[in-house]
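With the hints as your guide, set chain B onto chain A.
Below, each chain spelled out in residue letters.
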Amino acid sequence: MWQELRAELHPRGVELVTVALDTGGADAAGRWIDAAKPEHPSLIDEAHSLDALLGINNVPMGVWIDEQGTLVRPPETALPGRVVYSEMLAKRGIPPDLPPLMLETLAEASKIRVKPKRYAAALRDWAARGPDSPHALAPEEVIARSRPRPPEASEAAAHFELGQHLHRGGELDAARKHFRAAHRLDPGNWTYKRQAWSIEDPLQGPSEHYDSYWLADVRASGPENYYPLPDL
Amino acid sequence: MILESLAVDPAQLAVHTGWELKPEGACKGDRCIPLPREDDDGSIAAPVLAERLGMALVADEEHRLWALGPESGGRALLSAQLPDLELPDRNGRPFSLRSLRGTKVVMIAWASW
Numbered sequence: 005m006w007q008e009l010r011a012e013l014h015p016r017g018v019e020l021v022t023v024a025l026d027t028g029g030a031d032a033a034g035r036w037i038d039a040a041k042p043e044h045p046s047l048i049d050e051a052h053s054l055d056a057l058l059g060i061n062n063v064p065m066g067v068w069i070d071e072q073g074t075l076v077r078p079p080e081t082a083l084p085g086r087v088v089y090s091e092m093l094a095k096r097g098i099p100p101d102l103p104p105l106m107l108e109t110l111a112e113a114s115k116i117r118v119k120p121k122r123y124a125a126a127l128r129d130w131a132a133r134g135p136d137s138p139h140a141l142a143p144e145e146v147i148a149r150s151r152p153r154p155p156e157a158s159e160a161a162a163h164f165e166l167g168q169h170l171h172r173g174g175e176l177d178a179a180r181k182h183f184r185a186a187h188r189l190d191p192g193n194w195t196y197k198r199q200a201w202s203i204e205d206p207l208q209g210p211s212e213h214y215d216s217y218w219l220a221d222v223r224a225s226g227p228e229n230y231y232p233l234p235d236l
Numbered sequence: 072m073i074l075e076s077l078a079v080d081p082a083q084l085a086v087h088t089g090w091e092l093k094p095e096g097a098c099k100g101d102r103c104i105p106l107p108r109e110d111d112d113g114s115i116a117a118p119v120l121a122e123r124l125g126m127a128l129v130a131d132e133e134h135r136l137w138a139l140g141p142e143s144g145g146r147a148l149l150s151a152q153l154p155d156l157e158l159p160d161r162n163g164r165p166f167s168l169r170s171l172r173g174t175k176v177v178m179i180a181w182a183s184w
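Residue numbers (the working numbering), protein chains in the order written: chain A, 5 to 236; chain B, 72 to 184.
The shape of chain A in the complex, shown without the other chains (with noise of 0.2 Å):
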C-alpha cells in the first residue's frame, strides 16, 4: 500500500523510507521487504534507535522530514490510505476455522480505530504545498507533541536496550528480566512489549515469561486507544 502512494508521490517531490524495528535484523524483517520489491530506501533498525531518537512506540508510526532535514510532523499514527487487513476482513470475513486466539485476536483488532484516507490526503497536501500546508508544522510544535519522556522511560529504554543485546547474544533468559523491567516502566510502549511478546510467541499469545499479551493488553487499554489518531 504504501509502494502505491509512493509512486503517486514520488513525481510530485515526495521520498518514502521505511523502516523495520526488528531485533531480528534482517533475518526477520528480509522477506518482507524482498516480497515488497521496493523502490524506495528500505532500511532496518535491529536496535530500535527509532524509539530513542524521536519517540517511535509503536508500528505503523511515520515523521514527515522537509527538504532542510527538519520534522514537519512528529511520529504519529501513519497508514498509506488502505489497510491490507481490514479489507480483506471486510470482504471475506474472519475464517471460523483458525485458533481461538487467533479469532479473538482478529475480532479485537477489527475494532481498532483507524483513518488511513485522512492520513493520506493530508500527504497529498503537503506534497502539494509544502510548507504552506497547515499539516506541515512549526518546529516548536513538532517538539511539543513528540512524546513527552518522564526519566522512567529513559530507564525503560536502557533496559529494552541491554535486552536486545542480551537476546541477540543468545542470552534470552536475561533478555526477559530487562524486557519486563521495560514495560513496568514504560506500559505504553507497544514496540517494547510487541517486540518481546513475538519471541515467545509469533502471535503475541499468553506467555510464562510475561504478565501480558497482545490482545490481554488491548482489551484492558481499549482498542480505540491503540492507535491515537493525528491531529490533522
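Accuracy of the hints is not assured; some may be wrong.
Here are the computed lysine to aspartate or glutamate pairs in the EDC-like style, where the Cα-Cα straight-line distance is at most 20 Å [to be verified]: (1) B:K175 - A:E12; (2) B:K175 - A:E145; (3) A:K41 - B:D160; (4) B:K175 - A:E228.
Don't read these hints as lab results, they were simulated from the structure.
For chain B alone, kept in the frame of chain A given last:
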C-alpha cells in the same frame, strides 16, 4: 547506548544519542549542557552524562554491561532537526538519511512482528 565500561567515547555518544561534545558542553540541536572536562583519554564518565543529561544508567552486573537511556525530563524530541541517522538496508549496505536532503521525506516505522 550499550556500554562495556563506564568510560563513554564521545564519538559513540554522538552516533547513538545525537549528543555531541563541544567546547560549550554536550549539545543536541540548539541545546547545550555544560559538562566537566573529559578524562585524560578523551572519554567522559557515564554517571556524569546520566546526571547532567537526565539519562538513565542501568547496569547488568552479571554481564558487566550498562546502558544509557535517552535524555529525559521533557519531550522525546529536543529539536525538530532530524538527527544524523544511518541504517542498513536488507543487504547490510548503510544508508544515510542525510543523502535525501533537498527532497521531502516521509519515514515510516514498521516491523515484521
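Right, here's what the structure says about each hint:
no. : hint            : result
1   : B:K175 - A:E12  : holds (14 Å)
2   : B:K175 - A:E145 : holds (19 Å)
3   : A:K41 - B:D160  : holds (13 Å)
4   : B:K175 - A:E228 : violated (31 Å)
In summary, the structure is inconsistent with hint 4 from the numbered list given earlier, while agreeing with all the others.
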